[in-house]
Amino acid sequence: MEYEIALIGNPNVGKSTIFNALTGENVYIGNWAGVTVEKKVGEMEYKGKKFKIVDLPGVYSLTANSIDEIVARDYLINENPDLVVNIADATALERNLYLTLQLMEIGADLLLALNKMDLADNLGIEVDVKKLEDILGVKVVPLSASKKIGIEDLKEAILNTIEEKRKKRKNVNAKDKDKYPIKYPHLETYIKRLSSIIEKDEALKKYNPRYLAIKLIENDEYINEIIKNSKIWEDLEPVLKEIKKELSKKYGEPELAVVEERYKIIDRIVKDVVKKTSGKLTTTEMLDDVLTDEKIGTLLIIPFLWMLFKFTFDASKPFSEIIQYIFASLSTVIKTSISNKFLASLLADGVISGVGAVLTFFPILAFLFFAISFLEDSGYMARIPFIMDRVMNKFGLPGKAVIPMVMGFGCNVPAIMATRTIENREDRILTILINPLLSCSARLPIYALFAGALFSKYQGVVILSMYALGVILALLTALMFRRLIFKTSPAYLIVELPQYHIPHLNVVLKNTWERVYDFLKKAGTVIVFGVVLVWFLSVYGPSGYLGDEVFNNPNLIAHSYVAIIGKMLTPLFAPMGWDWRACSALVFGIIAKEVVVGSLAMLYGAGENLSNVIAHAFSPVSAYAFMAFCLIYLPCIATLAVIKNEIGWKWALFAVAYEMILAYVVALLISVIGHFLFG
Amino acid sequence: MDVRRVRKMIASVSLIFGCSFIISGFVEMALGVGKILGVNISLPLFVGDVFGGLALLAVGITYMIGVKKAIYGDIRAVSYLFTASIVGLGIGIVAFLVLISHGIGFLLGFEEWSPLKNITIYLILGVLAVIPYKISEAVRAEST
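Respectively, the protein sequence lines represent chains U and P. According to our numbering, the first sequence is numbered sequentially starting from 26. According to our numbering, the second sequence is numbered sequentially starting from 84.
Honestly, I wouldn't trust all of these hints.
[To be verified] Among chain U residues calculated to face chain P with C-beta under 7 Å, some are:
id: 1; residue: G149
id: 2; residue: I150
id: 3; residue: I321
id: 4; residue: L324
[What the hints assert, rightly or not] As a list, the in silico EDC-like pairs of lysine to aspartate or glutamate whose alpha-carbon atoms are at most 16 Å apart:
id: 5; chain 1: U; residue 1: K366; chain 2: U; residue 2: D146
id: 6; chain 1: U; residue 1: K342; chain 2: P; residue 2: E225
id: 7; chain 1: U; residue 1: K180; chain 2: U; residue 2: E70
id: 8; chain 1: U; residue 1: K164; chain 2: U; residue 2: E94
id: 9; chain 1: U; residue 1: K342; chain 2: P; residue 2: E194
id: 10; chain 1: U; residue 1: K266; chain 2: U; residue 2: E280
[Stated by the list, open to error] One side of the interface only, derived from the structure: several residues of chain U facing chain P at Cβ under 8 Å:
id: 11; residue: I327
id: 12; residue: P328
id: 13; residue: L489
id: 14; residue: A493
To be clear, the hints were calculated from the coordinates, so they are not data collected in a lab. The beta carbon of each residue, even a glycine, is placed where N, CA and C say it ideally should be.
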């Protein structure tokens, strides 16, 4: 391959569209070495020259705190590509230029592709491309990748820029000083002092000294390590200390000095090159005036949550009833048509009764996921971290923790994976540890069952209180862990705020299907396995097969293995007033939280009449304590496995231990206070 | 564009809708709290949902901030009118979907249903939110 090109840009700037437009179908997909970040490499041929195109992860900066940023930074420093194509969003130049400045600092051979020019035009945003080129000292190519406008210009510019740089390099041996036309007025003296020392070490020649100097001021761990292991460290250390001391006095922290200087420059550039030609307010501007306002934006989350819950529970109701009816009929048909009692019981009491009890909640989940996908596609969901950043910081969490937390209401597994966008490792561990406390959709069937059975008039309020309890516990736990374990502050927030638009029905339906499919897959595998296991442990005991009558005969099932397990735990949960069936169901809930409902249906021999049976087996206080225990206790096996993969065994075991203790304490408190208040 | 006329219009429409949402929100919350305390008072259109009452109150407050902005001559008043009307419309759409869902339940024989009983304050205010939405759209078009 003649030339190697890297594509880099913020998330959602149209990088993938440009990558596809340049490479066509010649794409290889793998992982970056040592990490689970996708690596896309493609090939392009233009005017007889061959290019290798490397698609770097979408990043907002090169601060190297997140895995994505580390991958991008390491590649740029170590692979030194022939050209770095920085793709920027013309409608959000201010945010995108932050990365551009960092790429210039690193000393990359740069070309700026200004995408979404059509959208900028629609919004009345005019960008003076020539002026931007002059200020930055790099070639700027305007384009609209989604409309395939400007792709040929980009190819031409890539070829020309590489060839021009090669010619220049033949004439100039050292890195050209004019290559960095962007200067930080308040930092230049410090940068020069540090650079002059760095330049003395031959081993550091492969790095741009200006970049190393800026990174040292920024307190970048990776660069600190490189410099500490170099010959010049002894000379540099006192100078660096002095500079940091001076900057701390002026800016609070030296790294803030660099951030502030960059934004000052960006502000000036944007004022020079961007002009708003139309005065018409856009939908996004009007909505963001209100929805991203710190106070009113926070207040308006209430109606959105109300709509979400009303749509999820009330609108889905008849569909749940249809499923309930179908499974009840199916169970009767199987029992009457299969002569083999063992098989009939396995299918009717085990599989149909257990899976049926869980699938009754399928419409609720489908409606919930539809609503969440709708809000995501509309652009509102992305605003929530922005609105909540300050509130989250008060609890020791970064603003970005809101997205995994909101996702946690669906399923904790993808939610924990979503923490990968959190740059700081400690912030990430903390966000992962508290995530299982957020009520995933698997716990909803448990709440719906108990709230419907014992709190029918206030069903919505009771279910909502479980979600609120989860959020409160998660926030308080985060605050406690931050103060006692991590003892640091959360990192600053940078998020992408997309334009609002009417959601596309096909996108919303596709996202909904992907999410409910996971639930259906679970119902067909883990839950079937769970309920069949419970069935076997119910119909067998130390004395052997007890017969299918166990589900109608409380004396008989009391001799089963499941009763033995439950009875072992009953003394521990005696203060909460749960019988051995409830205790057994909790044990099986470790497989998956949905199994709790299926297990209860079987153990009480209730099938689709489970609600009535539960209403008699539990008091409102013991039911509420049971719901709270189910909310907090052990993460399911899948969640535990993901925690282990993401942050290791030590933290996974820690999560298990603290959640068990917390669950027991909370359930006990509810029981004690409940009995004191309501008798 | 007659700025004074537009400001007056935004202020008065926001005031009317703000008051409607706030009063309805308070009534809904009061009935809901009463229900919890065992005092069952029923009013036509109101269901006694505390959370729903809070939602109406939040939309009402948004309209009222729009009134304040309009009085002070801030053009962003139209943003408050627009956003509150969008959220109000959303509430109305959800109330309509719930009404349809109850209808389906009735047709399948799962529940009792009468259209009049299912028409709630959420649906009424939601449908009426079309008015401020249309007005804010007109103001936006005029501002070009």
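Problem set entry | Per-residue hint verdict: I150 of chain U, partner chain P, C-beta under 7 Å | Since the shortest Cβ distance to chain P is 15 Å, the answer is violated.
Exercise. Are P328 of chain U and chain P close enough, Cβ to Cβ, to be under 8 Å, as the hint says?
Worked result: Holds, because the Cβ-Cβ distance from P328 of chain U to chain P comes to roughly 4 Å (cut-off 8 Å).
For this session: For the pair supplied as a hint, K266 of chain U and E280 of chain U, confirm whether the alpha-carbon distance does not exceed 16 Å.
Result: Status holds; Cα separation ~13 Å.
For this session: Would you check the hint for K180 of chain U and E70 of chain U, treating anything up to 16 Å between C-alpha atoms as holding?
Result: Distance ~9 Å between K180 of chain U and E70 of chain U Cα, so the pair holds.
Exercise. When you check the alpha-carbon spacing of K342 of chain U and E225 of chain P, does it fall within 16 Å?
Worked result: Roughly 44 Å between the alpha carbons, so the hint for K342 of chain U and E225 of chain P is violated.
Exercise. Hey, does the L324 of chain U contact hint survive, CB to chain P under 7 Å?
Worked result: holds, 5 Å
For this session: Take a quick look at whether K366 of chain U and D146 of chain U sit within 16 Å of each other, Cα to Cα.
Result: violated, 73 Å
Exercise. Does G149 of chain U pass the interface check with chain P, least Cβ-Cβ distance below 7 Å?
Worked result: violated, 10 Å
Problem set entry | Agreement of hint L489 of chain U with chain P interface, Cβ distance less than 8 Å | Where the cut-off is 8 Å and the nearest Cβ of chain P is about 6 Å from L489 of chain U, the hint holds.
Exercise. Taking 16 Å as the top limit, are the C-alpha atoms of K164 of chain U and E94 of chain U close enough?
Worked result: violated, 24 Å
For this session: Return the status of the interface hint for A493 of chain U: holds when the least beta-carbon distance to chain P is below 8 Å, violated otherwise.
Result: This hint is violated: A493 of chain U lies away from chain P, its Cβ roughly 11 Å from the closest one there, beyond 8 Å.
Problem set entry | Distance restraint between K342 of chain U and E194 of chain P, which requires alpha-carbon spacing of 16 Å or less | With a Cα-Cα distance of about 10 Å, the restraint between K342 of chain U and E194 of chain P holds, given a limit of 16 Å.
The structure is inconsistent with the numbered hints 1, 2, 5, 6, 8, 14, although it conforms to all the rest.
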